[in-house]
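Protein chains: 2
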Amino acid sequence: MKIIVDAFGGDNAPAQIIKGAIDALDSEQGFSLTLVGKQDVIERELLQYKYDPQRVSIHHAPDVITNDDSPAEAVRTMKDSSIVQGFRLLNSDPDYSAFVSAGSTGAVLSAAVILVKRIKGINRPALAPVLPTVNNSQVVLVDCGANPDSKANNLVQFALMGSVYSKEVLGIPNPKVGLLSNGAEDSKGNELNKEAFPLLKEDERLNFVGNIEARDILSGKIDVVAADGFGGNIALKASEGAALAFLEILKKGILAGGLRAKLGYLLLKPVFKMVKNTMDYNDKGGAVLLGLQKIVVKSHGSSKAKSITASILQAKNLVEAGVAQKIEKALMI
Amino acid sequence: MKIIVDAFGGDNAPAQIIKGAIDALDSEQGFSLTLVGKQDVIERELLQYKYDPQRVSIHHAPDVITNDDSPAEAVRTMKDSSIVQGFRLLNSDPDYSAFVSAGSTGAVLSAAVILVKRIKGINRPALAPVLPTVNNSQVVLVDCGANPDSKANNLVQFALMGSVYSKEVLGIPNPKVGLLSNGAEDSKGNELNKEAFPLLKEDERLNFVGNIEARDILSGKIDVVAADGFGGNIALKASEGAALAFLEILKKGILAGGLRAKLGYLLLKPVFKMVKNTMDYNDKGGAVLLGLQKIVVKSHGSSKAKSITASILQAKNLVEAGVAQKIEKALMI
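Protein chains in written order, with the working numbering: chain W, 142 to 474; chain V, 142 to 474.
Each hint should be verified, as a subset may be incorrect.
Said to hold, decoys possible - Only part of the chain V face toward chain W is listed, based on derived beta-carbon distances under 7 Å: (1) P289; (2) E332; (3) R356; (4) N374; (5) I375; (6) G398; (7) L400.
Note that these hints are calculated values from the structure, not bench results.
C-beta atoms are modelled at their ideal positions from N, C-alpha and C, and glycine is treated no differently.
Just chain W, same shape as in the assembly:
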């Protein structure tokens, strides 16, 4: 299996991306990597690592799309960027199965939609992060930003793709799907949700459990949250923001709490570390762009080596599980 890695995407590129790539190779067999970006820089970075040269190749791409570039325009004009080159490679060669990037989300989405074939029957690909729950289970949130103006039939497709992901990759036998809404009652929702609700309810391919409030996303009660890209993005980012605020206020309190608080903190440090590890979904991989014939994993822009390693291994899992093929099959039932 060949996986392409955008060596110049994200805040910590290329050093942390390349370190993450090498760590991925060290931890699992059965795949090779193509690093896309400035050849000389990548070669120099690679000098510090030991690795099997058969498992690493470089694809030269001199340009870098940043978050300051307008995504659609950058994808159209910066043909030699690592993102565009990475996707071209993915599309052109059947040997390549997946692409991993921590670069501009907008550019990754734009390029993916233009350059990678969609699964037959899917109108819009969707971005799907996997979040931890309080029950030690995982929930797939789809879409979380690829489609700020979704249609009702898109939401059904998101639910279906999320269910395949949950079943085939996370091992949930009959994933419970909830529709993200402004209340749990059947009557709740905006116009889009009210149109999508009966479609989801009647769809025999889905185990649809009804509307869910954003409050219950991490509760472990559901396995897949179907949302339009705008609402899903707000849910994801608000959760992140609240967790960060919680940590920040806790930190200030500990700093202001004198010796007693500091001692308490030291004693609780392993627990805090566990909480951080549980909650920090970025460390466990990236958001998958579902609906394409190939696997695309968007790692967080602030990814360090650990997240990149996780994203690469996640991409490998998704390819092995045949998620794209299984989505196509699920659509045909």
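Position chain V against the provided structure of chain W, taking the given hints into account.
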């Protein structure tokens, strides 16, 4: 000043509501309360408190709308419910300035829209909770659920009402307004946001700072978040859910962490209490329904006495600050 309290709204009615009402009377002067609900039950509850009988009256309402009732239908058919009776009283008598309820949000919204006059120039009232930030400031989130399908001009009105609230009640001189979106760049947003963005930008009555991500709501960078009711609700509930998940995982970790973790927890207990007090916005009052000629405060359904007291005193502040009149004035500029 006369404030009406729904004595039968919420999970802990009537005991905690009545306790909260009496506590409010004890802590501040300058207002009286009318408790709406089953007269005999209220009278019996009141027996256990000492209070100035001049400051408490009862308005009999034998029915109770619950969360199981369909809000619009319940408001139409249950004329003798505490919510409908409370709003009728508020509307009929100019002496009454405010209504506080911890009852069904849907029913409070439906009844308010039907029974209370809107401020001239406001098309849709909006629900506005005040949230804590990491900077020890406060942010007004408007709308958080009254209008799941807002229009662009509604968003401008929400921004304006939130600004008046921030300035007149929270004392922020020139409140910074952000538009809740799926990214901070100007180009981000769904169709609604893209239509609202230029209107907000051009509006000279507003200090509009652009799009904000849900991640930044609690950051203290902005004072007012304008959102359509669907997205605002998701942001609010996702934040609550993430904070609860954080606490739950922390609790499990402490329980599983043996003696060391338990000792650490005991030492950090005052800090945890401070964090809880800071984050728990429900304890500081309710969400205000802005855009009506009278003040309506919706307290959380799970409110205990402390929240009810806070909501009553919040209603008093809002009346004293002349928020409704100032919104009307702001609209005329």
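Consistency of the hints with the structure:
1. P289: With a minimum Cβ separation of about 4 Å from chain W (threshold 7 Å), the hint on P289/V holds.
2. E332: At 5 Å from the nearest chain W Cβ, E332/V passes the 7 Å test, so the hint holds.
3. R356: 4 Å, holds
4. N374: 4 Å, holds
5. I375: Result: holds, 4 Å to nearest chain W Cβ.
6. G398: 5 Å, holds
7. L400: 9 Å, violated
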